[in-house]
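S.K.: Protein chains in written order, with this note's numbering: chain A, 1 to 399; chain B, 400 to 776; chain C, 777 to 1035.
Treat the hints as calculated values from the structure; they're not laboratory data. For clarity, every value in this text was computed on a predicted model and none was experimentally measured. Hints are supplied without guarantee of correctness; some may be wrong.
Straight-line alpha carbon distances no greater than 20 angstroms define the calculated SDA-like cross-link-like pairs of lysine to any residue that follow [stated by the list, open to error]:
1. K319(A) / S542(B)
2. K398(A) / I980(C)
3. K538(B) / S383(A)
4. K699(B) / P133(A)
5. K889(C) / S142(A)
6. K398(A) / V893(C)
7. K699(B) / R153(A)
8. K398(A) / R852(C)
9. K319(A) / P515(B)
10. K538(B) / R156(A)
11. K105(A) / Q696(B)
12. K398(A) / K787(C)
13. K736(B) / V132(A)
14. K319(A) / C513(B)
15. K787(C) / S383(A)
16. K178(A) / M317(A)
17. K105(A) / D698(B)
18. K699(B) / Y130(A)
19. K517(B) / G143(A)
20. K105(A) / D47(A)
21. K538(B) / M317(A)
22. K517(B) / M317(A)
Just so you have them, the derived chain A footprint on chain C, three or more residues with Cβ under 8 angstroms [said to hold, decoys possible]:
23. 849–860
24. 889–897
Yeah, the Cβ is synthetic: ideal placement off N, Cα and C, and Gly gets one too.
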Amino acid sequence: MQPIQALKHLKTITAQYFSSAHMAKRNNKAIVYLNVFTPVELFYALDMVPVYPENHAAIIGARKMSQEVSPAAENLGYSMDLCSYPRCDIGSFVMRLSPTWGLPKPDLLVGSNGQCGTITKWFEVLSRMYEVPMVLIDVPHSGNGERDPAAERYVRSQLEDLVGVAEGISGNSLDQDKFKETIRISQEASRLWTRMLELGTADPAPMTVFDQFVAMFPIVSQRGTQEAVDFYSELVNELEERVANKVGALDNERYRLFWDNLPIWPELRPLSSFLGERGAGLVASIYTWAWSRLGVGEDDPFADWTEQYLYTFNFHMSKRIDMYVELAKRYNLHGFLYHSNRSCKYISQDIPEVRAAVTERTGIPGVILEADHNDPRLYTVASLERQIDSFLDLLAQKR
Amino acid sequence: MNGEHAWKPFRETVDAPMERARAWKEQTGGKVIGHLLPDVPEEIIHAAGALPTAVEGAGTQGTQAQAHIPGYTCSHAMGAIEQGMRHDLDILDGMIIPYVCDTTRNLFHIWNHCFPNKSNEFLRLPKRLDYPGAAEYLKAEFSRLADSLCNITGRPRDDEDLAASIALYDRSRAALRNAYRKQREQPAVWTSERVQTLFKSAAKAPREDHLRWMEALPWDEQSQDAMQRVPIYVRGKVWDPPGILDLFDKIGLLVVEDEMTTGYRGVATDAGSDGDPIDVLVRRHLSLTPYTGYHQQPDKLVSGFLERVQGSGAQGVIFLNPKFCEAAGFDTPDFQKALENAGIPSLVLESSSRGVSLEQIRVRVEAFREMIAEDLP
Amino acid sequence: MIVAGVDCGAKSTKTVILKDLEIIGRGKVPTGFDQSRAVKESLDMALKEAGLTRNEPAAVGGTGSGSEAVSDADVRVNDVKAMCMAAVYYFPNARTVIDVGAEESRAARCDEKGNVVDFAINEKCAAGAGAFIEAMSRALETPLEEMGPLALSSDKQITINAQCTIFAESEVVGLIHAKTSKKDISKAIHDAMAGRIVSMIRRIGVNPDVVMIGGLAYNPGIVAALTKELGVDHVRVPERPEYAAALGAALTAAERTCT
């Protein structure tokens, strides 16, 4: 397995992002905490600095610090049954232990339940903890993706009102030129990210999904900045060259697999090697595809965001099944690894039905791996590896 | 004892709700619409000519649900699926699942996937109670629901029907409020367990019948109550495990106010008749005590709760958190801290059909009572 | 053709020797701390019973959580494959296989060749594994082998909320104090276990015939409870079910060596 060169920049990119966020706080710029699917372009145009607690938590997990910090949150009364992201984030704050020097104190929190209900509750806790206001963008998803004009009005008006709130907090008014410029840069990053994902359809795939998870940082935290565009330009170039030369992420790609749900952050490297050694290539995932549709147009970004919140992010079951069936064809998949993520009910609860339906429609088998995205106390790697082995055995006998 | 007889129809309803629904269906030929509680506007179902029947999952054991939804899901949702798989709910013509949380959202997907022949609706309740646009949105959503239900029953939509249903439900709510008050006045007769049976059965029987049965209750009965009862406030979703209210009665805890979905919260306010019936329902909905899952400014969520507790005269608070309920789990620490700062003791109990026994709860609750009672026995 | 199969499990290591697909020797030793030694002893024991020397088997298949310790294994066979191969060997119509080990339980669906079609593993819930019934037999002060027959003599339906062995134990103690008969408590324990196991099986669906292997299959109480909970006519149990995984490993070794 050859490492991807472009990924080497991530260490510097990440360090610079966090140090400039801390610096911005010292320079009295307004800090806004966001959940990952939010109109970040708006905040750049108000000269606010966006910070993502989810990203902070993921880094804690990836650096294997969860078991150190999460108990501090649990000691405050936050049950271990709750999502491990907020447990790690809150625990990290309490213990003053963080791989990013902590997070700068926010001036505003903006979250949406369109992504999940946990974000709402997490941000409510943070709002009380930091004593700063919170804005919830309430998104009433329809059960089967039905269009809902009243909901469109409701969501759009909340977004428009948000501008006023953010202006008040930041002390700036919305700079239309900066707004349009940020939107353009953001679109470009999304376009490059999407290109990266599409290159995964090549045989062999040039990059594993686990490496894509690692490469997510700029599109998540720096969407709207030139840094993200530069990083992904370089990455895409490298991948295109690989594809042209038929160089794969794996030396021997025997199986092409799909990873459902968030990664298991503390086990990214070990599982990656484990799968690689067995010729099991993770070529596609739903989590990475989520970032490909975040670009908006300059003409009426509020309409585009409303569309995204209400419809694009409405991950209802038949849409999900159709999407997986289509991805199976596009990526020429042999199997599905469904991460039943104890922390993430939103994505995990539909998995049993989705798995059965996808296999029925495509004949492609899937296995459900019970784990967690951030808390190693909730799974054992040995068991996951045994199950993956059993699954690969099943795939082998099918061919 | 002449006492039990009056409570019989309520118990029978709670023990076998689908039997009531079946009997009603045979009698009227109408449609039975199941719903999963929190704030589903039963008046709208009633006005469409259907029988609203609440489905409660907590307390249901079984082996089928986990084939369709992971085990880290609350008992209310898992139980609903279990009942569906066991064919306990075949009598239902449709099911309304309200948007409470991520679990209810997914539950709708799974339910609709497993029971596509039923008329299933996802009720898109807005969460942002203190945002003006929420009322407008809810109005549209309630109207959409009304249209959808009238489509199912074939009865044309009529504001007068809805106004009449609202009036009926207001009368029922008033009767239930009176019953709740009797808990304080005559706790030996109007025990917590009996009163909650009234509440539980209300959403599972034809409301007209329920109201009639309530008239036959021992409103005038007086009895000497020797037991010292300590007033408590309970915040939670459903009474789980079954038997917990009996336990409170026996130990001498009096639930003077609660925020349970089948509790006082649901009957505290009437809709009234001032205006368009949908508007009236929207106003009522937005005036309900926010249960965990609704959003207000975060410090207001805490201060509002504290005010309610202090206003109730309770000496202690019990949090009856369903296991795997994210919203309850996130609220509890700050809510407890606020109570502590105000000198009000509280106890957190986790409820689940799978794993938490009444015995374990007894030990904790008894210890809590000792702690908060002004006069120790 | 002579082949051997070794199942190095958490508690015990079992070996089966096959000659032309007939079982001619078996060996079983406690695994203990030294897995390699257990494998060697178990293999020696089986070879002795078969009257063979170490170099006579053409291939050795290794399976079980300690299968890495079967250093001589020519073929490493994963547990799920081994259980399916064994099931169809004994029962050609086997299509759903259950294996309840000491610490985890597994279910699989297979085809007529013993190929795995789907599977599920439950290692999180103690009440779905053998260690649970052992703990309960201690709580009831009843020998383990008597638990099953005791359960069969009851027709009561008592529910134990068995999410966790410790909770279940305290519920059993409560039932004992409430003067509930041992047979009724034993039945409740078996029903609770069956509930957890069936919950897992239902994730992959049930296709008759259903076969149960592993040591716990000796317990008629659990077989009866599973049969009832699954709603099938019968749950088949092979002879010497604790050796089934080792047999499956031997069969797979034979298959893979010949092809």
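S.K.: For each hint, tell me whether it holds in the structure or not.
M.R.: Hints, one by one, checked against the model:
This hinted pair does not check out: K319(A) and S542(B) have alpha carbons roughly 26 angstroms apart, beyond 20 angstroms. Only pairs whose Cα atoms come within 20 angstroms are accepted, and K398(A) paired with I980(C) is accepted, the gap being roughly 18 angstroms. Distance hint between K538(B) and S383(A) is unfulfilled; the C-alpha atoms sit about 51 angstroms from each other, more than 20 angstroms. Taking the CA atoms of K699(B) and P133(A), the gap is near 11 angstroms; set against the 20 angstroms cutoff, the hint holds.
Restraint check: the Cα-Cα separation between K889(C) and S142(A) comes to about 46 angstroms, which exceeds 20 angstroms; the hinted pair is violated. Between K398(A) and V893(C) the alpha-carbon distance is near 9 angstroms, which keeps this suggested pair within the 20 angstroms criterion. For the hint linking K699(B) to R153(A), the alpha-carbon distance of about 26 angstroms lies beyond 20 angstroms, and the restraint is violated. Proposed proximity of K398(A) and R852(C) is supported: the alpha carbons are some 18 angstroms apart, at most 20 angstroms.
Under the criterion of a C-alpha separation no larger than 20 angstroms, the hint pairing K319(A) with P515(B) is consistent with the structure, at around 16 angstroms. Simply put, K538(B) and R156(A) have alpha-carbon atoms about 17 angstroms apart, close enough for the 20 angstroms limit, and the pair holds. With a C-alpha separation of about 19 angstroms, the suggested pair K105(A) and Q696(B) falls inside the 20 angstroms cut-off, and the hint holds. A threshold of 20 angstroms between alpha carbons decides the hint, and for K398(A) with K787(C) the separation of about 33 angstroms lies outside it, so the pair is violated.
Restraint check for K736(B) and V132(A): the C-alpha separation of about 18 angstroms stays at or below 20 angstroms, so the hint holds. Under the criterion of a C-alpha separation no larger than 20 angstroms, the hint pairing K319(A) with C513(B) is consistent with the structure, at around 16 angstroms. For the proposed pair K787(C) and S383(A), the alpha carbon gap of about 17 angstroms is at most 20 angstroms, so the pair holds. Between the alpha carbons of K178(A) and M317(A) the distance comes to roughly 38 angstroms, so the proposed pair goes past 20 angstroms and is violated.
For a cut-off of 20 angstroms, the pair hint linking K105(A) to D698(B) stands: about 18 angstroms separates their Cα positions. Annotation: proposed proximity of K699(B) to Y130(A) holds, straight-line Cα distance about 15 angstroms (limit 20 angstroms). The suggested pairing of K517(B) with G143(A) holds, with an alpha-carbon distance near 14 angstroms, which does not exceed 20 angstroms. About 16 angstroms separates the Cα atoms of K105(A) and D47(A), which keeps this hinted pair within 20 angstroms; it holds.
For the proposed pair K538(B) and M317(A), the alpha carbon gap of about 27 angstroms is over 20 angstroms, so the pair is violated. With a CA separation close to 17 angstroms, the supplied pair K517(B) and M317(A) stays within the 20 angstroms bound. Only residues whose C-beta sits within less than 8 angstroms of a C-beta in chain A count toward coverage, and the region 849–860 of chain C has 4 of them, enough to reach three; the restraint holds. Counting residues of the region 889–897 of chain C whose beta-carbon sits less than 8 angstroms from any beta-carbon of chain A gives 7, enough to reach three: the coverage restraint holds.
Figure legend: structure checked against the earlier numbered hints; hints not met, in rising order: 1, 3, 5, 7, 12, 16 and 21.
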